[in-house]
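Colleague: Residues 1 to 527, numbered by my numbering, are exactly what the sequence shown covers, in order.
It should be emphasised that the hints constitute simulated quantities derived from the structure, not laboratory data. For every residue, glycine included, the Cβ atom is placed at its ideal position computed from N, Cα and C. Some clues are possibly wrong.
Said to hold, decoys possible - Restraint-style ranges between C-beta atoms, simulated for each label pair: (1) F501 x E471: 23 to 31 Å; (2) Q55 x I177: 35 to 43 Å; (3) D264 x T29: 41 to 49 Å; (4) A249 x S340: 30 to 38 Å; (5) E182 x L246: 53 to 61 Å; (6) G283 x N387: 50 to 58 Å; (7) S317 x T123: 19 to 27 Å; (8) I86 x P127: 27 to 35 Å; (9) E479 x L181: 33 to 41 Å.
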Amino acid sequence: MSIKKLTALFALLALAACDVEKEELETLTLELNASAEDIDYGTTVTLSWSSNASQCYTSGAYWSGERPTTGSEDFDIKRGGPAVFIMECRRNNEFINQAVEINVNKTLANNFIFDVQGEVDFTVDYPAGTQPRVTGLTRGDFNDDNIADTFIGVEYRDIATEALVDVGFYQITGGAIPVVLEVDAQGCQGTYQLVSTDYDSDGFSDVISSSSDQKRLTEQTHLCIFKGAGTGLAYDPEFITNETTLDLANPDVRFMILSDRNNDLVPDFYMLTGTNEYWIERGIEDAPKFEEFSYDNTAIADRTITAGTTIDFDSDSNVDIVLATVNANGDAEYVTVPRSGDGTNWNEAVVVSNTPFTKAMIPIDFDRDSTPDLLIMGDETAFDGFNTDATNTLKILESEETNLFDVQTDITFTKQGTASLNRHILNLDFDVDFDGGDLLFTFDEFGDITANFLIAEKQEVTNDDDSTSYEFVTVDDEELGIANFEYDNAYVIWTDLNLDFDVDAIVIDHLADTNQLNFYIRQNQSN
Numbered sequence: 001m002s003i004k005k006l007t008a009l010f011a012l013l014a015l016a017a018c019d020v021e022k023e024e025l026e027t028l029t030l031e032l033n034a035s036a037e038d039i040d041y042g043t044t045v046t047l048s049w050s051s052n053a054s055q056c057y058t059s060g061a062y063w064s065g066e067r068p069t070t071g072s073e074d075f076d077i078k079r080g081g082p083a084v085f086i087m088e089c090r091r092n093n094e095f096i097n098q099a100v101e102i103n104v105n106k107t108l109a110n111n112f113i114f115d116v117q118g119e120v121d122f123t124v125d126y127p128a129g130t131q132p133r134v135t136g137l138t139r140g141d142f143n144d145d146n147i148a149d150t151f152i153g154v155e156y157r158d159i160a161t162e163a164l165v166d167v168g169f170y171q172i173t174g175g176a177i178p179v180v181l182e183v184d185a186q187g188c189q190g191t192y193q194l195v196s197t198d199y200d201s202d203g204f205s206d207v208i209s210s211s212s213d214q215k216r217l218t219e220q221t222h223l224c225i226f227k228g229a230g231t232g233l234a235y236d237p238e239f240i241t242n243e244t245t246l247d248l249a250n251p252d253v254r255f256m257i258l259s260d261r262n263n264d265l266v267p268d269f270y271m272l273t274g275t276n277e278y279w280i281e282r283g284i285e286d287a288p289k290f291e292e293f294s295y296d297n298t299a300i301a302d303r304t305i306t307a308g309t310t311i312d313f314d315s316d317s318n319v320d321i322v323l324a325t326v327n328a329n330g331d332a333e334y335v336t337v338p339r340s341g342d343g344t345n346w347n348e349a350v351v352v353s354n355t356p357f358t359k360a361m362i363p364i365d366f367d368r369d370s371t372p373d374l375l376i377m378g379d380e381t382a383f384d385g386f387n388t389d390a391t392n393t394l395k396i397l398e399s400e401e402t403n404l405f406d407v408q409t410d411i412t413f414t415k416q417g418t419a420s421l422n423r424h425i426l427n428l429d430f431d432v433d434f435d436g437g438d439l440l441f442t443f444d445e446f447g448d449i450t451a452n453f454l455i456a457e458k459q460e461v462t463n464d465d466d467s468t469s470y471e472f473v474t475v476d477d478e479e480l481g482i483a484n485f486e487y488d489n490a491y492v493i494w495t496d497l498n499l500d501f502d503v504d505a506i507v508i509d510h511l512a513d514t515n516q517l518n519f520y521i522r523q524n525q526s527n
């Protein structure tokens with residue numbers, strides 16, 4: 001080949017190389033846009049994008065995986081607040097990404113979306129002439145599928161005499177197809193206090209249940225033990241080793257709760273009887289087993305326990321057992337018992353007078369500080385464990401420097417004084433605006449009330465001095481006008497049955513003319 005031809009060839013190759021280099025240096029681009037960035041719940045939003053990359057990938061709560069380099073997609077975003085969509089595109093070793101944030105305005109009513117009710121999911125025939133009432137409730141994962149389950153106790157009492165005729169235990173397991181089943185307790189009738197935890201650390205939640213302290217003096221007491229397994233709970237009185245003087249057939253139980261005995265951040269079981277204390281400590285050798293300790297019962301001997309919890313009541317940085325009681329004169333009093341080491345110190349028990357009648361007390365984070373506050377609920381009269389009365393006490397006791405009664409915040413609702421709120425409160429799984437927790441209550445059957453449940457939404461308030469405070473704003477299902485929820489003062493259990501981060505409803509209604517207790521599983525479609 002001649003020199004002239006070689007020179008021309010090299011020139012052409014050089015020009016081609018320059019063209020390739022010029023093409024590789026073209027700026028990598030990506031445009032990601034939303035049809036709207038602030039929308040109301042139920043509005044479809046369209047994302048469109050275009051890139052000169054060779055591949056694009058998406059991530060976020062609502063989309064993920066590979067997408068074409070140019071395209072559009074519609075989304076129905078069901079969760080309120082900000083929704084972030086991220087796209088990353090690449091060409092060889094170059095990367096570019098972009099994100100859009102869409103704010104979804106979701107009202108309180110938008111959190112309760114139900115389809116038209118179908119057939120009854122489960123029916124129980126109960127004895128004629130009796131009044132059924134859900135008296136105990138607890139939650140756990142009884143079949144180890146990582147979905148919350150619910151376990152309830154129901155008492156059937158003679159309408160005329162209030163004598164206990166029968167009881168029933170019912171398990172609602174979550175999942176793709178939620179199921180209601182009756183659990184045979186073989187005659188054990190402890191349906192009031194239900195405490196759930198994984199007592200033997202095998203992955204399945206178990207339950208211990210007992211009678212109420214209110215009925216202890218007039219009726220036989222019961223202690224029932226249920227073990228979790230792949231199919232759920234089953235009655236198993238031999239499951240927990242008992243080498244103590246505790247008589248499971250008539251245990252004289254006064255109070256039960258979970259409390260961390262040895263500060264290992266694992267909840268242990270604590271039970272109080274008329275003469276002894278009992279612990280079931282998790283994770284120890286030969287667990288689970290009852291351990292027995294005597295105590296000085298002077299502080300509560302002549303009192304009836306109506307509710308209880310564990311919290312630092314006197315702000316001394318030590319957890320106390322706090323018992324709501326009614327004394328022999330019918331007056332409401334709290335008894336606080338300091339925790340000491342791996343036990344309790346009854347010699348330092350304190351009686352607090354001039355307290356309201358209390359049927360429920362639970363620690364909550366009300367003001368978003370480092371110490372828990374106490375939610376209390378009570379009726380106009382002392383709660384006897386079964387009968388209902390008008391609820392007139394619903395308030396937050398805020399933890400301050402001396403004790404929980406220093407700062408009190410009332411929660412008011414329209415039907416206060418004429419309706420009865422059930423003592424089982426949902427406060428962990430319900431938070432519509434991500435501010436630390438809202439509350440759900442169900443109305444007990446009482447008076448002429450036709451509403452079914454009450455919502456207490458926590459709201460942040462900016463004061464005149466720029467400080468922040470909090471309050472609960474309440475509304476019931478009738479006032480909110482929730483569609484397809486047409487019951488008449490039915491009992492409602494709230495839980496997330498299918499892990500879609502909303503609360504589903506198990507509605508329990510009874511028909512006096514047919515003596516049937518009907519369960520309806522109502523899956524919330526809001527998320």
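Colleague: Taking the hints in turn, state whether each one holds.
Modeller: Do the hints match the structure? See the list:
1. F501 x E471: 23 to 31 Å: holds (25 Å)
2. Q55 x I177: 35 to 43 Å: Given a distance of about 39 Å, which is inside 35 to 43 Å, the answer is holds.
3. D264 x T29: 41 to 49 Å: violated (55 Å)
4. A249 x S340: 30 to 38 Å: holds (32 Å)
5. E182 x L246: 53 to 61 Å: With Cβ atoms ~27 Å apart, the hint is violated.
6. G283 x N387: 50 to 58 Å: Violated: the Cβ-Cβ distance is about 40 Å, outside 50 to 58 Å.
7. S317 x T123: 19 to 27 Å: violated (51 Å)
8. I86 x P127: 27 to 35 Å: violated (60 Å)
9. E479 x L181: 33 to 41 Å: Taking Cβ atoms as reference, E479 and L181 lie about 35 Å apart, which means the hint holds.
Hint check: violations occur at hints 3, 5, 6, 7, 8; the rest are consistent with the structure.
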